[in-house]
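Residue strings, one per chain:
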Amino acid sequence: MWAFFHRLGSPKWFYDISGKWLPWFGGLAVLTLATGIVWALLYAPADYQQGNSFRIIYIHVPAAILAQSCFMMMAVAGAIGLIWKMKLADMFVKAAAPVGASFTFLALFTGAVWGKPTWGTWWVWDARLTAMLILLFLYFGVIALQAAIEDFSVAAKASAVLALVGLVNIPIIKYSVEWWNTLHQPATFKLTEKPAMPAEMWVPLLVMVIGFYSFFAVVILLRTRNEILERERRTRWVKDIVLSKVK
Amino acid sequence: MKHPLPSADTPMASLWSAMGATLKRDLLLAFRRRQDLFNPLLFFVIVVSLFPLGVSPEKTFLQTAGAGVVWVAALLATLLSLDGLFRADFEDGALEQMVLAPQPLYFLVLAKVFAHWLVTGIPLIVLSPVLGIMMHLDGDTLPILMLTLLIGTPVLSLIGAIGAALTVGLRVGGVLISLLVLPLYIPVLIFGTGTVSAALSGLPVTGYLAILGAMLALALTLSPFAAAAALRISFSN
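Protein sequence lines correspond, in order, to chains U and F.
With our numbering, the residue at position 26 of the first sequence is 27, and numbering never jumps.
With our numbering, the residue at position 71 of the second sequence is 239, and numbering never jumps.
Just chain F, same shape as in the assembly:
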């Protein structure tokens, strides 16, 4: 890869290599600023530990509320990391080059969102069983919780990209993103926690997982499209 960014002077660069370059660059940037990766994770852990302290440390309460608490915390942690999805690239002009690149912006956005999920979603999923045990979830429900997060967190990143793209040029970004994105997160949250509570009461979970999967399919196909449109709008400012 000669160019760190797919740019107009390599029109022959195929879509795959452009996406690969974007992904590689975003991952590299993320690992150069490791502390930024840890902050949402720390936030995730702290928010979860607030609930037993603030509401009730009783086992029965934690078992029923645990999955919801982990999900809400994961959702907020994702939200915290969203502002950085496009902002740095917007400020140094790299994003403008992506908008101008010959490759469709849809796929470049998809690559960026995938990178975002790899560095924020995956660590959340890896940490979730530890928090699940702290919330007294049993061994059978922990894999279900992880599975819902595995399907759900990419949806959170994808939907969040729309909000991040809409607010990238604005000074008030952070708070506004939450306002735009949280209502759209509610269905994911409902079905994510619904799956775990169904598993807790011994009901079949395949239906819930199918709906989560449908949300992922919908978000995967449509949200990069909306985010790309939003980025173009932000640049017309």
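The shape of chain U in the complex, shown without the other chains:
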């Protein structure tokens, strides 16, 4: 365990091993997303109240879950970077922020599209929606801070602090639907209870969640690998890789 943790400190080691992981995550992402989409859009039963418009949750719920967990991962990576000065954690924070922002936007956008036929409005100033909007702003803040500071390691540390401060927002989003009476329905998946919807509906959703996570892993690995190449461009091993590609 500790040996693995220590090896994570070496960008070269990570570059090599992530190259081996990529096809697996990629394959899993393609497989689960393709199965999930087809299953959810064609075979899952329509909702007895909402009809077919409910199917947007197969994008909305995974995107929203990932938007929040990406921020938590960013904060954890930020803390690791601050405490153990691990370069890889810094790179993760930089790689994850725009991806997380995209998922947050996707969750908000699909929510609005679904809200129009169901609630009759694109947007309500409901606790969970507002909290997600704040999350989007926090992501933008991290991205802006990254862009404003030239020195890479200072930028990484500064955005790690911001991510840790912004972490306060995550429990607010999570529990907003339980603390306040809101329009937004409670969580779809809970660890302790069975989902409220029938299995034909939630199994494809679970497949989609796994698919989104694998897709996220692929994107993050690619972005981190690019970051490694850019930052370690003066080292021997990066030059060797580039030269071997040129030949």
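Hints are computed from structural coordinates only; laboratory data are not their basis.
For each residue, glycine too, the CB sits at the ideal point set by N, CA and C.
Mixed in with the good hints, there may be bad ones.
Stated by the list, open to error - Now the in silico label distances, taken between C-beta atoms and shown as ranges:
| no. | chain 1 | residue 1 | chain 2 | residue 2 | range |
| --- | --- | --- | --- | --- | --- |
| 1 | F | I354 | U | R237 | 27 to 35 Å |
| 2 | F | G375 | U | T119 | 40 to 48 Å |
| 3 | F | N207 | U | T122 | 15 to 23 Å |
| 4 | U | Q51 | F | A385 | 23 to 31 Å |
| 5 | F | D308 | U | F106 | 37 to 45 Å |
Said to hold, decoys possible - Pulled a few chain U residues facing chain F out of the computed Cβ check, cut under 8 Å:
| no. | residue |
| --- | --- |
| 6 | F15 |
| 7 | I135 |
| 8 | L139 |
| 9 | G142 |
| 10 | A145 |
| 11 | L146 |
| 12 | A149 |
| 13 | I150 |
| 14 | A159 |
| 15 | V162 |
| 16 | L163 |
| 17 | V166 |
| 18 | W203 |
Chain U is fixed; fit chain F onto it per the hints.
Structure of chain F alone, referenced to chain U:
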């Protein structure tokens, strides 16, 4: 107090005297540049008076929107003053001495934030009933508005210190601070104005005030810590 700043050559200086010295120095500096204190206040008053002119001067609208308008203006005025919280000290090197001082940076930051609140937050609270009357808030809700500002503005200063500390070494400071800090201000704004609208509709406000108090407790304990960490990061640049 022999030294205006707690410095490494007085290691025996206790925490209290270091905090006191920082507070005294910041207050003194603020009063030497009085105009800088008035500018955010003028801004506060002007922004509030824009709403009746720009949206509607009707009494019913102003009564419902008044508290929110005063709160938003107070929030923006605080935001304007934040850039100066650390910048001058950063540029003349005083801040670096504080980072190097034997006393924990946490408490020195706390003292600086307290000074900032005394010179920006308190005047906003004092001015707020005047603006409240201009917004046709009645005599019962005015004290509630002041109370929410009394609990809320220290939170604004404390959270703002994190943003100011993160951007102190950067040239683009001003705009970036707003981007970093405003999302974190939203919960304070929601509960600050929520309290007043609850009072307007005759509902109990203690629950709202308790949440505002909880935010203050959280900000008081954690944000100087984050701001101190951010200052150290800014100095490693």
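Of the hints stated earlier, which fail here?
Hints 1, 2, 3, 4, 6 and 18 not satisfied by this model.
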